[in-house]
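Chemist: Here our numbering is used: position 180 in the sequence shown is 180, and no number is missing along the way.
Please note that the accuracy of each hint is not assured.
[Said to hold, decoys possible] Computed list of lysine-lysine pairs in PhoX-like fashion (alpha-carbon distance at most 20 Å, straight line):
no., residue 1, residue 2
1, Lys270, Lys224
2, Lys234, Lys251
3, Lys234, Lys80
4, Lys287, Lys348
[Said to hold, decoys possible] Derived DEER-like restraints, expressed as beta-carbon distance ranges:
no., residue 1, residue 2, range
5, Ala385, Gln87, 57 to 65 Å
6, Arg392, Asn371, 40 to 48 Å
7, Ala385, Asn437, 39 to 47 Å
8, Lys303, Ser415, 19 to 27 Å
9, Ala345, Thr168, 28 to 36 Å
10, Ala208, Ser415, 56 to 64 Å
11, Thr298, Ala385, 30 to 38 Å
12, Ser415, Ser393, 17 to 25 Å
13, Asp195, Ala345, 30 to 38 Å
14, Gly388, Asp248, 14 to 22 Å
Hint data in this document are derived by calculation from the structure and do not stem from the laboratory.
In this text the structure is predicted, and so the values were computed from the model without any measurement.
We treat Cβ as the ideally placed atom computed from N, Cα and C, and that holds for glycine.
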Amino acid sequence: MVSLSRFMGSFVCGALSRFARDRRGNVSVIVVFSILPMLICVGGGLDVVRTYNVRVKMQADLDAALVAAVRELGTSDEAKIQTKVRQWFEAQTAANDGAYTLGAITIDKANQSISAKASGSVGTSLMSLINVDELPIDVRASVRGPSTSYLNVYIVVDNSPSMLLAATKAEQDRMQAKIGCAFACHTPEGTRTVDGITFSDNYTYSQAAGIRLRSDVAVDAATKVIDLIDVADKEHRAIKVGLYTVGDAAKQVLAPTFSTATARTKLKSKTDGMNGATASTATYFDKSLPQLQDFVGTAGDGKTADQPLKLVLFLTDGVQSQREWVSTNRWIGRQVAPLNPAWCAGMKTNKATLGVLYTEYLPMTWDWGYNATVGNSMAAADWNAVYGGVMRSGVRGSTTRQAYLPYALEDCSSSKDLFISAASPTAITTGLAKIFNTYLGTVRLTQ
Numbered sequence: 001m002v003s004l005s006r007f008m009g010s011f012v013c014g015a016l017s018r019f020a021r022d023r024r025g026n027v028s029v030i031v032v033f034s035i036l037p038m039l040i041c042v043g044g045g046l047d048v049v050r051t052y053n054v055r056v057k058m059q060a061d062l063d064a065a066l067v068a069a070v071r072e073l074g075t076s077d078e079a080k081i082q083t084k085v086r087q088w089f090e091a092q093t094a095a096n097d098g099a100y101t102l103g104a105i106t107i108d109k110a111n112q113s114i115s116a117k118a119s120g121s122v123g124t125s126l127m128s129l130i131n132v133d134e135l136p137i138d139v140r141a142s143v144r145g146p147s148t149s150y151l152n153v154y155i156v157v158d159n160s161p162s163m164l165l166a167a168t169k170a171e172q173d174r175m176q177a178k179i180g181c182a183f184a185c186h187t188p189e190g191t192r193t194v195d196g197i198t199f200s201d202n203y204t205y206s207q208a209a210g211i212r213l214r215s216d217v218a219v220d221a222a223t224k225v226i227d228l229i230d231v232a233d234k235e236h237r238a239i240k241v242g243l244y245t246v247g248d249a250a251k252q253v254l255a256p257t258f259s260t261a262t263a264r265t266k267l268k269s270k271t272d273g274m275n276g277a278t279a280s281t282a283t284y285f286d287k288s289l290p291q292l293q294d295f296v297g298t299a300g301d302g303k304t305a306d307q308p309l310k311l312v313l314f315l316t317d318g319v320q321s322q323r324e325w326v327s328t329n330r331w332i333g334r335q336v337a338p339l340n341p342a343w344c345a346g347m348k349t350n351k352a353t354l355g356v357l358y359t360e361y362l363p364m365t366w367d368w369g370y371n372a373t374v375g376n377s378m379a380a381a382d383w384n385a386v387y388g389g390v391m392r393s394g395v396r397g398s399t400t401r402q403a404y405l406p407y408a409l410e411d412c413s414s415s416k417d418l419f420i421s422a423a424s425p426t427a428i429t430t431g432l433a434k435i436f437n438t439y440l441g442t443v444r445l446t447q
């Protein structure tokens with residue numbers, strides 16, 4: 001009698017022998033054994049892609065946190081800056097339920113930079129089958145802003161007759177009603193008698209009547225920038241400020257200096273040239289802007305005091321004009337036109353950054369002089385023939401010169417975010433400061 005063990009052994013061996021000789025199921029067997037590695041490979045690829053996407057988001061969050069904090073280098077202590085970085089980073093990554101950890105934050109006030117690193121992990125899916133439950137992530141970032149380098153700020157104010165426009169609509173109407181003109185010009189055109197009092201010119205009347213002019217608002221705007229310089233550079237070791245005017249020529253009122261107190265004194269002076277009391281009689285941008293270029297010179301990299309970065313803040317209505325050009329004679333009146341942006345190019349070629357605040361030239365359709373010049377078309381100005389100007393593609397020649405001014409001045413600026421158009425006194429006063437802050441906020445990611 002055959003034992004049970006011998007029977008079972010013979011049965012198993014026979015079954016295995018028959019399975020080995022059978023060719024009908026080999027493909028299925030191979031597929032079965034291949035499924036797991038294939039799933040792991042596909043799942044691993046998906047895990048790696050997801051980890052990469054999370055890392056990109058994490059890097060952007062860290063960059064944003066440092067960019068938000070770098071503006072406070074000159075105004076906050078290190079502990080507050082570190083807190084701001086953490087709060088901003090945590091706010092950006094809140095959706096990840098704390099999966100990220102912000103590590104060391106390094107603040108270098110000497111070089112005015114902030115560095116930080118962050119780490120985290122992403123849970124895997126099918127890679128867990130081979131005991132890989134998560135993939136690590138590490139990112140680093142470092143930022144430095146131009147406000148922390150050596151910087152010369154050139155505040156340039158248009159002091160032409162058109163900047164002597166009454167600052168508000170109400171004051172323009174008042175000027176028009178009293179003396180028949182909304183501009184407080186110095187140009188001798190006969191005396192003005194108002195309520196029994198005789199004034200030598202429009203400007204004298206405006207001052208006696210307490211009417212604020214755009215030239216007054218321009219001084220307010222410049223003062224606002226100086227206030228911001230005091231905040232950004234409390235020790236007055238990095239940022240210099242200079243004061244300039246453009247009209248019939250470019251004039252240096254104050255060479256770049258660390259003394260913001262001196263700059264404020266010059267702005268308030270009635271004799272130093274920054275306000276309406278000493279306005280020029282014409283605006284020749286084709287002459288004054290190249291002259292300004294010579295004053296500004298070539299910008300450096302900001303790393304040393306003798307190689308400062310250079311920021312030009314230009315406040316203007318952008319109209320090339322003189323009083324005698326206001327005429328219905330086409331050949332004379334065509335000279336009143338927007339400045340040619342090519343006249344700004346030299347400063348930009350010399351690596352200076354040019355920010356422009358356009359003090360909007362308000363339409364005065366009831367005035368014959370406006371209608372014959374600024375209110376007339378670009379085609380009638382013969383802009384290319386007279387000044388070499390090239391209009392933007394797609395802008396019609398029928399566009400009025402007043403409507404084309406923002407195009408010309410935006411093209412004069414270094415970039416769109418350094419151009420602002422403003423009409424009200426408040427918008428003008430804050431506009432130049434906004435451009436300054438925009439420049440200070442354009443930080444450079446160094447890592």
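Chemist: All the hints need checking, so say for each whether the structure fits it.
Modeler: Hint check:
no.: 1; hint: Lys270 - Lys224; verdict: holds, 19 Å
no.: 2; hint: Lys234 - Lys251; verdict: violated, 28 Å
no.: 3; hint: Lys234 - Lys80; verdict: holds, 17 Å
no.: 4; hint: Lys287 - Lys348; verdict: holds, 17 Å
no.: 5; hint: Ala385 - Gln87: 57 to 65 Å; verdict: holds, 59 Å
no.: 6; hint: Arg392 - Asn371: 40 to 48 Å; verdict: violated, 24 Å
no.: 7; hint: Ala385 - Asn437: 39 to 47 Å; verdict: holds, 40 Å
no.: 8; hint: Lys303 - Ser415: 19 to 27 Å; verdict: holds, 23 Å
no.: 9; hint: Ala345 - Thr168: 28 to 36 Å; verdict: holds, 35 Å
no.: 10; hint: Ala208 - Ser415: 56 to 64 Å; verdict: violated, 43 Å
no.: 11; hint: Thr298 - Ala385: 30 to 38 Å; verdict: holds, 32 Å
no.: 12; hint: Ser415 - Ser393: 17 to 25 Å; verdict: holds, 19 Å
no.: 13; hint: Asp195 - Ala345: 30 to 38 Å; verdict: violated, 50 Å
no.: 14; hint: Gly388 - Asp248: 14 to 22 Å; verdict: holds, 20 Å
Violation of the numbered hints given earlier is confined to hints 2, 6, 10, 13; the remaining hints are satisfied by the structure.
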